[in-house]
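Engineer: Order-wise, the sequence lines are chains E and P. Mind the numbering: the first sequence is residues 3 to 212 in this note's numbering, read in order. Mind the numbering: the second sequence is residues -7 to 71 in this note's numbering, read in order.
In short, the hints are calculated from the structure, not lab data. Just to be clear, a hint being listed does not mean it is correct.
Computed footprint of chain P on chain E, listed as stretches where at least three residues anywhere in the stretch have a Cβ under 8 Å from a Cβ of chain P [what the hints assert, rightly or not]: (1) 50 to 63; (2) 105 to 116.
If we take Cβ atoms under 8 Å as the criterion, some of the chain P residues that face chain E in the derived model are [to be verified]: (3) Gln10; (4) Val14; (5) Gln49; (6) Val52; (7) Leu55; (8) Leu60.
Listed next, with one range per pair, are the computed distances between beta-carbon atoms [what the hints assert, rightly or not]: (9) P:Ala17 / E:Leu198: 46 to 56 Å; (10) E:Gly199 / P:Val19: 33 to 43 Å; (11) P:Gly11 / E:Pro196: 17 to 27 Å; (12) P:Leu21 / E:Gln116: 28 to 38 Å; (13) P:Asp40 / E:Ala136: 54 to 64 Å; (14) P:Thr(-1) / E:Gly135: 22 to 32 Å; (15) P:Ala17 / E:Pro196: 16 to 26 Å; (16) E:Arg21 / P:Asp40: 15 to 25 Å; (17) P:Val19 / E:His29: 55 to 65 Å; (18) E:Ala36 / P:Gly5: 16 to 26 Å; (19) E:Arg39 / P:Asp63: 50 to 60 Å; (20) E:Glu17 / P:Gly25: 33 to 43 Å.
Glycine residues also receive a C-beta, built at the ideal position from the N, C-alpha and C atoms.
What follows is each chain in one-letter form.
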Amino acid sequence: MRVGVVRFPGSLDHESARRAAEGAGAHVEYAWHADTRLPEGVDAVVLPGGFSYGDHLRPGAIASRSPIMNAIRRHADRGGPVLGICNGFQVLCEAGLLPGTLRPNAGLSFVCRQVELEVVDAETPWTAGAAAGARLSIPIKNHDGAWFGDPEEGRVVLRYEDDPLGSTDRVAGIANRAGNVMGLMPHPEEACDPLLGSTDGRRLFEGLAR
Amino acid sequence: MSKVVVTVMPREGVLDPQGQAVRGALVRLGFEGVGDVRVGKRIEIQLDADEPVAVAQEMVDRLLANPLVEDAHVEVDAA
């Protein structure tokens, strides 16, 4: 399994995403926002968290129009798995690869805490390592994490048990109809080591490696 | 060269926490009669084009506003 982790100016969590994917047995290569193609032989793509282009205009808006996105769109159209975490989720929504958009949190605060999630859909490549109804404990850290949209336009994959952000229908993660493109605000890559209090995030990366 | 002014506002019905925070602060400062407050942004573009409004509208559609949650208005500043 070869995973391409995409870096934009302002990406922060690419190292954690690399470690998480490698922990699941993947070989990882970085792609750069200005590249016009993905690294050779990449099976899956991860867009990591951060503040690409300083979150200017709208979070993910400028990154979603960068050259690498054309290659990611082609990969997604072929059915290739794509995972967007936090800012990566915002990028995928802005690119139109996922429904909806991410709005400022209802309390207008940066929220950094552990959240409990329910796996609603275990049929995507990313959640194949979990069972529907399973509970995952994974941290969030964002300012613009309230998903706003019509859940019927995609497949709700993860829901907050108690949503601190103000998302439509407590959506924490959603996939496209085909299921191969998924985004979530929580950070599974920061929940892969017992030192960080939870290893539940591994399931998403292991799901991919299956 | 024209100056195109694009005004982007959160769409009616979409929660605007920034507007709510500003409203709360205005009320705390003692201003009376403050109703709904909404915060948007103004984008000024120096543009050399034969049809600046049409070009700016395309900019709105392709980048400047997200139609899911924002409305945008384009005008040319004659000054």
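Engineer: Each hint should be assessed against the structure and marked as holding or not.
Structural biologist: Now for the hints, and whether the structure bears them out:
no. : hint                             : in the structure
1   : 50 to 63                         : holds (count 3)
2   : 105 to 116                       : holds (count 6)
3   : Gln10                            : holds (6 Å)
4   : Val14                            : violated (10 Å)
5   : Gln49                            : violated (17 Å)
6   : Val52                            : violated (12 Å)
7   : Leu55                            : holds (6 Å)
8   : Leu60                            : holds (5 Å)
9   : P:Ala17 / E:Leu198: 46 to 56 Å   : violated (37 Å)
10  : E:Gly199 / P:Val19: 33 to 43 Å   : holds (40 Å)
11  : P:Gly11 / E:Pro196: 17 to 27 Å   : violated (43 Å)
12  : P:Leu21 / E:Gln116: 28 to 38 Å   : holds (37 Å)
13  : P:Asp40 / E:Ala136: 54 to 64 Å   : holds (57 Å)
14  : P:Thr(-1) / E:Gly135: 22 to 32 Å : violated (46 Å)
15  : P:Ala17 / E:Pro196: 16 to 26 Å   : violated (44 Å)
16  : E:Arg21 / P:Asp40: 15 to 25 Å    : violated (49 Å)
17  : P:Val19 / E:His29: 55 to 65 Å    : holds (57 Å)
18  : E:Ala36 / P:Gly5: 16 to 26 Å     : violated (38 Å)
19  : E:Arg39 / P:Asp63: 50 to 60 Å    : violated (37 Å)
20  : E:Glu17 / P:Gly25: 33 to 43 Å    : violated (52 Å)
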